[in-house]
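Q: Residue numbers (the UniProt record's numbering): 1 to 140.
Keep in mind that the hints were calculated from the coordinates and are not lab data. Some hints could be false.
Simulated crosslink set (DSS-like; lysine-lysine; CA at most 25 Å straight-line) [stated by the list, open to error]:
(1) K54 with K24
(2) K31 with K75
(3) K24 with K76
(4) K68 with K31
(5) K75 with K24
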Amino acid sequence: MAIADIMTRKVVSIGMDDTLAEVKTIFDNTKFHHLLVIQSGNLVGVVSDRDLLKAISPNLGTAAETAKDLATLDKKVHQVMSRKPVVVNETAAVHAAVSLINEKGVSCLPVVNDSGKVVGILSWRDIFRELERVSRQKHG
């Protein structure tokens, strides 16, 4: 089975100079856990919900919140993103993607077509969803 069969096609991207406040808004209002960082039409990084949590103050939204805490939301995406993301071609086999995720220690893979254009994203959730579907088919 090819990655294109199970990947998430709806990709949400953000720019390198967007703020962490924008990233937080997207994560707070969607079920996404990764955003692809695009500059001049090219994939330059990935920012995860974990990257966001490490970069912002834990006091946000609490009684202890200060102006300094709020200022952490003004940081730019390029300050916290993972650069040079590991990508996978949409025609690759799912088992190859699983090996790549395990080998590289990443939780998602941007998916590209033969011309290098981003066409989707594959996360461990997509893989587990497919595993569950196959298991149900085999075991009724």
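Q: Taking the hints in turn, state whether each one holds.
A: Checked hints:
1. K54 with K24: holds (12 Å)
2. K31 with K75: Satisfied, since the Cα-Cα distance of roughly 22 Å is no more than 25 Å.
3. K24 with K76: holds (12 Å)
4. K68 with K31: violated (28 Å)
5. K75 with K24: Holds. K75 to K24 sits at ~11 Å (cutoff 25 Å).
Checked against the numbered hints given earlier, this structure breaks only hint 4.
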